[in-house]
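Number of protein chains: 2
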Amino acid sequence: MDPNTILALAKRRGFFFPSFEIYGGMAGMFDYGPLGSSMKNNIEKLWRDHYVLGEGLAEIFSPIISPEEVFIASGHLSEFTDFSVQCTKCNQAYRADNLLEDVVDNPDSMSKEELHSAMTEHNIRCPSCKGELSEPESVNLMFKTMVGPLGGRDGYMRPETAQAMFFNFHLLYRFFREKLPFGIVQLGKGFRNEISPRQGITRLREFNMMEAEIFFDPDNKKWPGFEEVSSRKLRLLPDGAEEGEMSLEDAVGQGIIANEPLAYFMHVTRDILISAGLDEDKLRFRQHLKTEMAHYAADCWDCEALTGYGWLELVGIADRGCFDLQSHIDHSDAELTAFLRYPESKEVETTSVVPNLSALGPLFKGRAGVIADKLGNLSGEDIVRGVPVDVDVDGEIISIPPECFEVTTEKKTISGERIVPHVIEPSYGLDRILYTILDHNYHEVDDYVTLRLPITIAPVKFGVFPLMAKDGLDDTALSIDKKLRKKGILTYFDSSGTIGRRYARMDEAGTPFCITVDYESKEDGCVTVRDRDTKDQKRIKIDDVAGVAASLDDGSITFDKIG
Amino acid sequence: MDPNTILALAKRRGFFFPSFEIYGGMAGMFDYGPLGSSMKNNIEKLWRDHYVLGEGLAEIFSPIISPEEVFIASGHLSEFTDFSVQCTKCNQAYRADNLLEDVVDNPDSMSKEELHSAMTEHNIRCPSCKGELSEPESVNLMFKTMVGPLGGRDGYMRPETAQAMFFNFHLLYRFFREKLPFGIVQLGKGFRNEISPRQGITRLREFNMMEAEIFFDPDNKKWPGFEEVSSRKLRLLPDGAEEGEMSLEDAVGQGIIANEPLAYFMHVTRDILISAGLDEDKLRFRQHLKTEMAHYAADCWDCEALTGYGWLELVGIADRGCFDLQSHIDHSDAELTAFLRYPESKEVETTSVVPNLSALGPLFKGRAGVIADKLGNLSGEDIVRGVPVDVDVDGEIISIPPECFEVTTEKKTISGERIVPHVIEPSYGLDRILYTILDHNYHEVDDYVTLRLPITIAPVKFGVFPLMAKDGLDDTALSIDKKLRKKGILTYFDSSGTIGRRYARMDEAGTPFCITVDYESKEDGCVTVRDRDTKDQKRIKIDDVAGVAASLDDGSITFDKIG
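From first to last, the protein sequence lines are chains R and C.
Under this note's numbering, think of the first position of the first sequence as 92, with each following residue one higher.
Under this note's numbering, think of the first position of the second sequence as 92, with each following residue one higher.
Same shape as in the complex, but just chain R (with noise of 0.2 Å):
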């Protein structure tokens, strides 16, 4: 679908549109309004009730603002970074690589020496004065703040939900009470500081996401409910090979996907999208190629879908190995390590060196407690029984006597060992998730709008509807509205216009069902219950309808099978 119908779409009727637009705009921002935020709410209840309840997964909520030292280890104040170019006559900048678009292949994933070599070669200008460029030059894309307003720390906006998961870990871990594989999901916010967004909602500098972080043993890469789905089959565009179908189970056999858990929760993903209303046959899995993979991804799918922007990417589903615990263990004193139980104690004999002080301080006089704690630090398997061993004292080696230390050796039994856990990570994309949603179920007939959103998504999900607003037809029709909503659903009570005009409007914002008040209903006790897709309509006794509509929105009936 044109995006420019689906924005005008969305701004008419209130589920996006652009913020700040009475001071003039400000780029890469959307308001979502009334329809979009309960759609909106909508995504994140579907996708709670996949990964909290179904997977239980459990959930994490913290700041945006992050100290420097969370972005030094996670590589984002390094790595998250965009080539840019700027005018040198009229000083807008751009993003290099989108100069290059339908120019050269793949111009994102180009080194700053590609780019610049490709903007020479194609003599590429300024698109809006035909200045001439300068060489790109890499900026960094996370919002930066001042924490404390007199001169505090520096502190940047998150640009993903994930590293709260990880440098939490050692919290969460003992939440699940010390077990492997346990996950975490966070959703909120995160931030991009672009240099020139476009695309509506499908490049925001300030986006929503879903994220789960899951938690496994290295050697034991195993989610259960794995044989459950295995033979599933999905649409795969792995790296180097042809696009096709392929189950679950033959995917990780044949060493395409990754592990087990990447593709258990491709399938969450492919579910949750169905049942989000996208239409499978526009969904696709392509597998990073080796140059587009993140700095952190060992492993890494996109889910795709075909919009009127070309393939968007909803979901990245990644194996982010032990990159991100190791980084936040190697820049902290954070112990976010699990302790893997042996399924039987060991015993392993240990040695261990113990310097002879009494030995050592008439040796060495002031250096002896130095050179004690390196002897101490040594390991058995470092000294040859009765041979001197060196040790460096500042740079100085110093050859010490075996009368100085001895070696004893211990046996031990133990239980198990502290390893550093491997992360899948599905990351969702919000805000393109519902402008799939919205794209997919498009749909226009001479003029006429109407949005095929499945129940779980709409944002409305019953029209309530007076024929006329009097002779008690209102005030039937209003507690018709209160009973509904106090079952928890999301109606839109509207009394003025023509019958017409109203149906259109609920079918233009995706509303399934209308229930309509009229004369008759004063002599049949009865009203009319009228379906978006068939426009067939049913009458319902006014004591049913909170009944009815509770089942039809809980999906345990449909329409064909009400009355």
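Everything labelled a hint here was simulated from the structure, so no lab data went into it.
Just to be clear, a hint being listed does not mean it is correct.
When chains are identical, the list treats them as one kind, so a pair holds in a single copy or across two.
Stated by the list, open to error - The calculated lysine-lysine pairs, modelled on DSBU-like cross-linking and capped at a C-alpha distance of 35 Å, are:
#1 313 - 324
#2 574 - 629
#3 437 - 324
#4 578 - 312
#5 577 - 270
#6 270 - 503
#7 270 - 629
#8 578 - 136
#9 629 - 652
#10 373 - 577
#11 180 - 203
#12 381 - 312
#13 280 - 573
#14 102 - 312
#15 280 - 235
#16 270 - 313
#17 629 - 578
#18 437 - 502
#19 626 - 270
#20 136 - 626
#21 203 - 235
#22 180 - 235
#23 561 - 465
#24 574 - 373
#25 270 - 578
Following the hints, complete the assembly by docking chain C onto the known chain R.
Only chain C this time, still in chain R's reference frame:
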């Protein structure tokens, strides 16, 4: 309850904990762990049930980063400030009013000069090094950033979620078919770059808000439903009067609460907080003193709760008058007004001034056009027929002879007028509410901690345990766990440790009920359901347990009625 007890429990069990601890922490920032996030979601749901489903308000979801223009109009750029003092010796910064607590009354409503003289009079020095302090200085508390990575536009992180509901008024008014009253809500983060944050999650730099803006015709401040609750009582502490209980009706009738909607939403607030488990005896509504009123408020009541920190403001319910809409109108070209239709159309007479160009031209040459514009802008009242009129052209007063213009009188039928609506704003601090729920529901007897959270709010609704993790008990328990989760009920499956320890862990997490599968279950097909508060246990058929759990969860039955 002692805040340290609550903070320790919160961290131990994963309700919330200080953020970024592995990097030394960051004052004023907290993470919600699994229990806290679930509780936060439950509070938001309860709030939406009242405001969105119950009162029919619509939700929007807007960016956090906003351009400077928004906060010039809202007044935050000049008014969202605290007075800071800095130690001249150790450079530590403090909020001036914090240093005067327990020294003078209401230091937070003092002016810069008052603070300065109070600090001099009481010889206030640096609390950490006893150094001399600088004079109080006003500092803005918004976090600032740059939008566009290459020297873009100043952006600020919103200090409240309210502004988007104002500057998008015209779009939202349209969603409500251009009728007053209507209301909008927004849930999300607000930011305040505190000088020296303290007191756990009650004074955060990054906090969670739930705000509503309800727009009224200023001459008709009515809200449907007021009648229904007008006899209900609230505990009021009015400015300049004694604390006491009073019905909404009396409070409005006696002019203590300014108007019906203000009183109505105070009542809604009470309802929500009681449902969330707060202790009614520890709640009151305190009217703002004239001196502490925010720059935008015409009247304001705080709902305060008694906690371990003393009386804590949880919700502010303010009459913001037309301050915000008018201010955005003044700072932009937007038409943020409502059209009020008269009961009947009116005929009015309007006079207008029509310049006579053929007379102006020869007399004023090149300036004729400018003069014609000026004349056209005059109203009939500025004119005396047949008398010259003075116009100001670039500072020069020019007398225009009467033949250069005509005054025409027209009769027009007007059906209404444009007005700037007034706003009632209930603004909820989610973090403080969550904190107070823990505070009011914490019970400790002989070191045994029970959190008596209502099931609506409890982060985990049911603990599900196999007595032993073997002999099929675990499989039965897992299948019960799965059934509950399918019904949308969050559970915690726990198969290790003694049953007593597992119960204790759930009691401390506020989990209302636990389900245990034991060896008898194999024979009688029943499980034990245990009630947190009474410790009573009942046997329920395995086949019924999901249904019973759902009824306990939605409040349609209570524990004493089951079985």
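Status of the hints after comparison with the structure:
| no. | hint | verdict |
| --- | --- | --- |
| 1 | 313 - 324 | within (19 Å within a copy, 58 Å between copies) |
| 2 | 574 - 629 | both (19 Å within a copy, 33 Å between copies) |
| 3 | 437 - 324 | neither (43 Å within a copy, 69 Å between copies) |
| 4 | 578 - 312 | between (42 Å within a copy, 29 Å between copies) |
| 5 | 577 - 270 | between (41 Å within a copy, 24 Å between copies) |
| 6 | 270 - 503 | within (24 Å within a copy, 79 Å between copies) |
| 7 | 270 - 629 | between (53 Å within a copy, 31 Å between copies) |
| 8 | 578 - 136 | both (16 Å within a copy, 13 Å between copies) |
| 9 | 629 - 652 | within (11 Å within a copy, 39 Å between copies) |
| 10 | 373 - 577 | between (37 Å within a copy, 29 Å between copies) |
| 11 | 180 - 203 | within (22 Å within a copy, 48 Å between copies) |
| 12 | 381 - 312 | within (22 Å within a copy, 63 Å between copies) |
| 13 | 280 - 573 | both (33 Å within a copy, 30 Å between copies) |
| 14 | 102 - 312 | between (45 Å within a copy, 30 Å between copies) |
| 15 | 280 - 235 | both (15 Å within a copy, 17 Å between copies) |
| 16 | 270 - 313 | within (13 Å within a copy, 57 Å between copies) |
| 17 | 629 - 578 | both (21 Å within a copy, 29 Å between copies) |
| 18 | 437 - 502 | within (10 Å within a copy, 102 Å between copies) |
| 19 | 626 - 270 | between (53 Å within a copy, 29 Å between copies) |
| 20 | 136 - 626 | both (28 Å within a copy, 33 Å between copies) |
| 21 | 203 - 235 | both (24 Å within a copy, 31 Å between copies) |
| 22 | 180 - 235 | both (28 Å within a copy, 29 Å between copies) |
| 23 | 561 - 465 | neither (92 Å within a copy, 50 Å between copies) |
| 24 | 574 - 373 | between (39 Å within a copy, 33 Å between copies) |
| 25 | 270 - 578 | between (39 Å within a copy, 26 Å between copies) |
Hint compliance for this structure: hints 3 and 23 are not met, and every other hint is.
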